[in-house]
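Using the sequences and the hints, build the whole thing.
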Amino acid sequence: MNIAALDLNLLLVLHTVLVERSAAAAARRLHVTPSAVSNSLAKLRAQLGDPLVVRSGRGLVPTPRALELAPHLRAAVRELERVVAGNERFDPATTTRSFALALSDAHQICDLPRVARAFAAAMPRAQLRIVSIDHFEAVGGLAGGEVDAAVAPATAPQAGQHSHHLYEEAGVLLVRQGHPAAGKPVTREVWASLRHVDIHLALGRGGIGHRAARAWLAGERLAFDVAVVVPSFLAAAVVAANSDYACGLPRRVAEALAPVLPLTPLALPGPPMAFSIDLVWHERTHLDAGARAFRELVIAALASPRPASKRGRRARA
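Going by the working numbering, the first residue of the sequence shown is number 884, and it counts up by one from there.
Simulated from the structure, these hints should not be mistaken for lab results.
Be careful, since some hints might not be right.
[Claimed, not checked] Cβ-Cβ distance ranges computed for the label pairs, FRET-style:
| id | residue 1 | residue 2 | range |
| --- | --- | --- | --- |
| 1 | Ser1159 | Ala919 | 50 to 60 angstroms |
| 2 | Asp974 | Ala1053 | 16 to 26 angstroms |
| 3 | Arg928 | Pro954 | 11 to 21 angstroms |
| 4 | Pro1007 | Arg965 | 20 to 30 angstroms |
| 5 | Arg1000 | Arg972 | 24 to 34 angstroms |
| 6 | Arg1167 | Arg928 | 41 to 51 angstroms |
| 7 | Arg972 | Glu1138 | 34 to 44 angstroms |
| 8 | Gln1041 | Ala1150 | 27 to 37 angstroms |
| 9 | Ala1118 | Asn892 | 57 to 67 angstroms |
| 10 | Arg928 | Val902 | 12 to 22 angstroms |
| 11 | Ala925 | Glu964 | 24 to 34 angstroms |
| 12 | Ser1159 | Asp1127 | 30 to 40 angstroms |
| 13 | Leu891 | Arg972 | 22 to 32 angstroms |
| 14 | Arg1078 | Ala1101 | 16 to 26 angstroms |
Ideal Cβ placement from N, Cα and C applies to all residues, glycine included.
Here you go:
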């Protein structure tokens, strides 16, 4: 018969009757009336062309056809129960699930080693997949369904998203060692003489960090003479180390690259550029036990001490 024409709830009733061998006991287990069980059995008998169970004394005895169906129904119900309840029984130590985290190359340099160590310890059989900001944007961001979470500068709350504060970051301005501006106070006149390497992380556009830098420049009323545009922080650092152009980097990236690139920081005019870094995820995965365990792992690996984030858009992991 065509299974599309079959009410699958009737099979659940039959399974319960076969387990209990009583319509009344099956009704109690299913939280329905005995007459509802009897009506369901009648419909299934008509559809399958078999009596399925017959009364014997005070109980019900299955027919050969029902006995043939019984182990298959039992396996199907157990599998459905496992699938439905599996999310709450998530076991980090045994899961083989894949988790995707979006990181800029700056976060790949500074944050990924700690996340990878924590991931290997907590989820030894799972897979960690790091995606670039370009890829993250191309697949629709957090709403696209491919990425579980992203590490990014904090922004205004967005509908359908949650965030948790990780740490505070500061920006530094770097030039090559031996640059004419090296070792001198960066007055507004010195700043005006500099040409810069700009960083567009996402599909040729300035990303969140880029907007934070623009906001700082606007607040300080500083012009920004762009000479070169690159798609990564590492590329900006390499260009600056081999030219007279200046580049702005997160302080932790500058410190990580200091042993391998001949760069020196300049003292910025005005207050330092500072911004918060968050872990961000979508409402789609907010209640999923596996995704929650992964977020807690990332937060524990990266978070700096700070009061707990607020419920709502700045939510718990």
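Okay, the hints, checked on the actual structure:
1. Ser1159 with Ala919: 50 to 60 angstroms: Given range 50 to 60 angstroms: holds, Cβ gap about 57 angstroms.
2. Asp974 with Ala1053: 16 to 26 angstroms: Given about 39 angstroms between the Cβ atoms, the range is violated.
3. Arg928 with Pro954: 11 to 21 angstroms: Cβ of Arg928 to Cβ of Pro954: about 20 angstroms, so the range 11 to 21 angstroms holds.
4. Pro1007 with Arg965: 20 to 30 angstroms: Between Pro1007 and Arg965, where Cβ atoms are some 22 angstroms apart, the hint holds.
5. Arg1000 with Arg972: 24 to 34 angstroms: holds, 26 angstroms
6. Arg1167 with Arg928: 41 to 51 angstroms: holds, 43 angstroms
7. Arg972 with Glu1138: 34 to 44 angstroms: The hinted range 34 to 44 angstroms holds for Arg972 and Glu1138, with Cβ atoms some 42 angstroms apart.
8. Gln1041 with Ala1150: 27 to 37 angstroms: Once the Cβ atoms are compared, 35 angstroms apart, the range 27 to 37 angstroms for Ala1150 and Gln1041 holds.
9. Ala1118 with Asn892: 57 to 67 angstroms: Since the Cβ atoms of Ala1118 and Asn892 sit about 59 angstroms apart, the hinted range of 57 to 67 angstroms holds.
10. Arg928 with Val902: 12 to 22 angstroms: The hinted range 12 to 22 angstroms holds for Arg928 and Val902, with Cβ atoms some 18 angstroms apart.
11. Ala925 with Glu964: 24 to 34 angstroms: Since the Cβ atoms of Ala925 and Glu964 sit about 26 angstroms apart, the hinted range of 24 to 34 angstroms holds.
12. Ser1159 with Asp1127: 30 to 40 angstroms: holds, 32 angstroms
13. Leu891 with Arg972: 22 to 32 angstroms: Once the Cβ atoms are compared, 24 angstroms apart, the range 22 to 32 angstroms for Arg972 and Leu891 holds.
14. Arg1078 with Ala1101: 16 to 26 angstroms: Hint holds: Cβ distance 19 angstroms, inside 16 to 26 angstroms.
Hint 2 alone, counting from the list given before, is not met by this structure.
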